[in-house]
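Take the two lone chains and join them into the complex the hints point to.
Spelled out, the chains give:
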Amino acid sequence: MGPEDCEAESLESFFPTDEDIDKWMSSAFDMAREALENGEVPVGCLMVYKDEVVGKGRNEVNETKNATRHAEMVAVDQVLDWCRCSGLDVRSVCERTVLYVTVEPCIMCAAALRLINLPVVVYGCRNERFGGCGSVLDVSSAHLPQTGTTFKCVSGHRAEEAVEMLKTFYKQENPNGHLNSHLFFFLSFSLLPFPSVTFCLFLFFT
Amino acid sequence: MEPQMKRWKGSVYDADSWVAYPVLSDEQSQDVELIEAFAAPIVNKKETSRLVRELNSLYPLNGFQHIKRVRACKEKGSPHPLEVLVCLISDVPDMKEVSIDSLLPSDGVKPDGLGEPFVVKVPARPPLTRPQFELASQHWPTSFHEDKLVTVALRGELFTPTQKATMHMYMMSALTAAKAGKELGMEAVGAVVVDPEMERIVAVGHDCRGDHPLHHAVMVCIDLVARSQGSGCFCFDSYPACRFTPLTANTSQNVSDSDAGSRPYICTGYDLYVTREPCVMCAMALVHSRIGRVFYGTASLDGALGTKYKIHSQKDLNHRFEVYKGVLSKPCEDLNISDDHDKKDSGQ
Numbered sequence: 001m002g003p004e005d006c007e008a009e010s011l012e013s014f015f016p017t018d019e020d021i022d023k024w025m026s027s028a029f030d031m032a033r034e035a036l037e038n039g040e041v042p043v044g045c046l047m048v049y050k051d052e053v054v055g056k057g058r059n060e061v062n063e064t065k066n067a068t069r070h071a072e073m074v075a076v077d078q079v080l081d082w083c084r085c086s087g088l089d090v091r092s093v094c095e096r097t098v099l100y101v102t103v104e105p106c107i108m109c110a111a112a113l114r115l116i117n118l119p120v121v122v123y124g125c126r127n128e129r130f131g132g133c134g135s136v137l138d139v140s141s142a143h144l145p146q147t148g149t150t151f152k153c154v155s156g157h158r159a160e161e162a163v164e165m166l167k168t169f170y171k172q173e174n175p176n177g178h179l180n181s182h183l184f185f186f187l188s189f190s191l192l193p194f195p196s197v198t199f200c201l202f203l204f205f206t
Numbered sequence: 207m208e209p210q211m212k213r214w215k216g217s218v219y220d221a222d223s224w225v226a227y228p229v230l231s232d233e234q235s236q237d238v239e240l241i242e243a244f245a246a247p248i249v250n251k252k253e254t255s256r257l258v259r260e261l262n263s264l265y266p267l268n269g270f271q272h273i274k275r276v277r278a279c280k281e282k283g284s285p286h287p288l289e290v291l292v293c294l295i296s297d298v299p300d301m302k303e304v305s306i307d308s309l310l311p312s313d314g315v316k317p318d319g320l321g322e323p324f325v326v327k328v329p330a331r332p333p334l335t336r337p338q339f340e341l342a343s344q345h346w347p348t349s350f351h352e353d354k355l356v357t358v359a360l361r362g363e364l365f366t367p368t369q370k371a372t373m374h375m376y377m378m379s380a381l382t383a384a385k386a387g388k389e390l391g392m393e394a395v396g397a398v399v400v401d402p403e404m405e406r407i408v409a410v411g412h413d414c415r416g417d418h419p420l421h422h423a424v425m426v427c428i429d430l431v432a433r434s435q436g437s438g439c440f441c442f443d444s445y446p447a448c449r450f451t452p453l454t455a456n457t458s459q460n461v462s463d464s465d466a467g468s469r470p471y472i473c474t475g476y477d478l479y480v481t482r483e484p485c486v487m488c489a490m491a492l493v494h495s496r497i498g499r500v501f502y503g504t505a506s507l508d509g510a511l512g513t514k515y516k517i518h519s520q521k522d523l524n525h526r527f528e529v530y531k532g533v534l535s536k537p538c539e540d541l542n543i544s545d546d547h548d549k550k551d552s553g554q
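Chains as they are written, first to last, in this note's numbering: chain L, 1 to 206; chain Y, 207 to 554.
Here chain Y stands alone, though its shape is the one from the complex (with noise of 0.2 Å):
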């Protein structure tokens, strides 16, 4: 696609000189593990259906519906057109010497029309994006169930220029508090948290870890977005860059019906936008508030969604949510390096 091919020109603070990319579960983003099988070549080609028939009943490939039972010849000018899936080899484990007719009990298959069996590796897990299919399908054919979205985030094409300009925007004031806290002795970190469907930015924060070592940029933001419902527990005011708007009247009215003021968990619905990675702290924190999504700048060695775990997609938690990186990396990074560069020089 074009736009996303497009080098980026002039100034880092350009909306095409980034591109946000999803932060997948696991079981998204690993690579295919393969199994062992047992193939062989269909040397009558009229006796296809009956052996796919027989060899499902005998060998059903129970979990692994995703596996194709015939393909097409890999080599051309193979002296047989297609290939039959027998069993796993899993299927057959006390099996000593393999035939065909070893494989295929007297009364069950028929081994007609069959060559003799080879071993062939095949996907253990359907695969669950584009990248994953097109790796398992090298192996052998494999069904696909396309999450379009999913394959549209993985080639960065998921969000729309105007998307990309707001998104931006929010990221740009995320930088400006990082720097702000950078100003105060702080480590370069800034958060922004908004209200996608307001297009509001609800609480802007920055690390405050000097003064109190778990006053991190989210924590920041979520005590002020608490204060902006009227609650909260800390006062952030020695901090001018650290700031929120009052849910007025006028901005709650949005707010589904009667409780905007007793809904129990406060970030439902927002967006958290963060100069870099959320450490463990901050990202168990962010499944507490039941954040909606979370667009970072740039990894972090420890961080907690992406890096050393991806607590947005933990199974076993109560609340999962979407993550995107790159927003800005570049200037991101920067911030980043420069934290680096102080902390050097005084010795830490």
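Isolated chain L, as found in the complex (with noise of 0.2 Å):
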């Protein structure tokens, strides 16, 4: 069929160009702020579609008693909704959409991804703990036909300053209060040039 021939030929050449990367990555970077400034985790997450953000997220785990409800997973409920509300087909908008967030994915919410045939992902600093885009598994482009499309990554933009964020939500923690899951959703990040930040955090958890 021939629209669909030069549907999967765009989809292959479907990337976010530098200036993009930069644009939605600094409305990310806004978000995690103003999270942390309001004493919630400093992790920003957009999704885009076609220069227009579609969806977006912070972690909801406390409010909702839902240990899956992370930024991403929010976010893609919010696409879920336009593209109802826009009357569009969920896969065909997925399927050029961009994710941009502040921290590497969780093994799950890279599944997630799959599932919805999101293209590109693109993320700050690496999730040593639970991240399914290559620190702990690669799920972004592992071999599993049952659980949607791969997808790309683009990583490391500004990840120094989305870990700076993640140590400041720390120290504003008292880490003799209640170790609640915001505490233990920042505990699980770190950058990679600073495995001693993960040992010091770690030591603090447990």
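Please note that a few of the clues may not be correct.
Residues from chain Y that keep clear of chain L, each with C-beta distances beyond 12 Å, as calculated [to be verified]: (1) Glu281; (2) Ser312; (3) Asp353; (4) Thr366; (5) Met404; (6) Tyr445; (7) Thr451; (8) Asp540.
Incomplete in silico selection of chain Y near chain L, CB under 8 Å [as the list claims (entries may be wrong)]: (9) Gln234; (10) His418; (11) Ile428; (12) Ser437; (13) Gly438; (14) Val486; (15) Met490; (16) Ser495; (17) Asp508; (18) Lys514; (19) Tyr515; (20) Leu523.
Listing some non-contacts, in silico: residues in chain Y with all C-beta distances to chain L over 10 Å [what the hints assert, rightly or not]: (21) Pro247; (22) Lys316; (23) Pro347; (24) Phe350; (25) Thr357.
Simulated from the structure, these hints should not be mistaken for laboratory data.
All residues carry an ideal CB built from backbone N, CA and C; glycine is no exception.
So, in structure tokens, the structure goes:
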């Protein structure tokens, strides 16, 4: 079928430009900073389709008591709602949507992004404890024919800054106070060049 | 053991018709890896204890404490009754001509009582399970600190008939939910979350991905558990077979003291029964939710609790849990088969 071939070809070349990356990652970092200022996990995440933000999210684990409510999962739900409101087909939108997130998606989120056929993820720092794009498992490119499609990653964009925000968030928390999931969530991230960060944080957690 | 030997008679819906086997980590289930070493016959038995002592200090088997130094000679009628492990081949990497004299420096071990060395294969890692121990011992005597529970579990005999009857009942609920989901055009997968302490079903869910690509049965159940505690973020009211039991004062009395409502990981201590092996997303969601144990009926192609990954035993992750497969395997497999047929029929 002709139109499908065309579609496949254009998907091959579908990739954000450096300009796109700078612009949208800057928004993601603004979101993360805003979260930090409000005492929330400083992770920013947005989904962009045709130069329009169609989903954004922050971690909602505590208020929903649902440990799967990571920022990416919240953003995916917004994309689905957006498609419904716009009367557009979910798959054809997702296939041309890019996720910009300040921290590498976890294993669960990486699998979820495959399941919705997202083609590209741009992220800041690595997620040493849970990362699903290579840090713990490489779900993004693994051979999993029943689990949607693989996606490409652009990593390391302003990584130090992402880690710095997480560190700041941690310092605001009282280590002797309640060890809630926010804190835990935070402890799960680090940047490879600073292994000592992970280590120190891990000590506090345990 | 008699009960397990029984062939299942009559109905498939019989707790004797299935066996739950543990899904062990790679380390516990992998083949026995072997490395090469030099052994030598002890031609004078009286020298044995001296040889062992001196070899232990010359070539200590660091990191290989599971390997026994001496073995009784395998072949009957052998001129020497014992053989001793001299060293690993990696201990003497640059040796060109191997003889007992070249292996034993003159100031170290007196070669009295030893014959000429020969190459043997010894297990590289301590055996973790009885099957690994039995394989390892075929090569060289190996010590084994047996975890009796693992041995019993690998024989499929971990659960008592009473426990199996309870597990059977929970998986039947998951099967019923799976069929209800299928009626609505979803994939035929059902799941049940159970509080094993209270012997109480907390949530029942089925696949809803026809309406939301991420609403697999396990994800539905995790949110229903959150709803059972007054939170959650989805409404599954349009699926009558997806339901939860609200956590009341009565049911929460066993939950430790004050903080039942503020526990951040709400599946702590709960068991999940699911008709087929969870995918990567669902398996990791169970890690995040701190599930207690998972029981599934049948494996799935991209499964992450045994088939493609063993996320429940992944060393780097912060939560690990036990997984058992094979609970009501036959009816759970049949769900998948009918699902596949439907897919083919609709040209997918």
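Do the hints match the structure? See the list:
no. : hint   : verdict
1   : Glu281 : holds, 47 Å
2   : Ser312 : holds, 47 Å
3   : Asp353 : holds, 25 Å
4   : Thr366 : holds, 32 Å
5   : Met404 : holds, 19 Å
6   : Tyr445 : holds, 17 Å
7   : Thr451 : holds, 15 Å
8   : Asp540 : holds, 19 Å
9   : Gln234 : violated, 19 Å
10  : His418 : holds, 7 Å
11  : Ile428 : holds, 6 Å
12  : Ser437 : holds, 4 Å
13  : Gly438 : holds, 6 Å
14  : Val486 : holds, 4 Å
15  : Met490 : holds, 4 Å
16  : Ser495 : holds, 4 Å
17  : Asp508 : holds, 4 Å
18  : Lys514 : holds, 6 Å
19  : Tyr515 : holds, 7 Å
20  : Leu523 : holds, 7 Å
21  : Pro247 : holds, 49 Å
22  : Lys316 : holds, 49 Å
23  : Pro347 : holds, 38 Å
24  : Phe350 : holds, 31 Å
25  : Thr357 : holds, 30 Å
Going through the hint list in order, the structure does not satisfy hint 9, though it satisfies all others.
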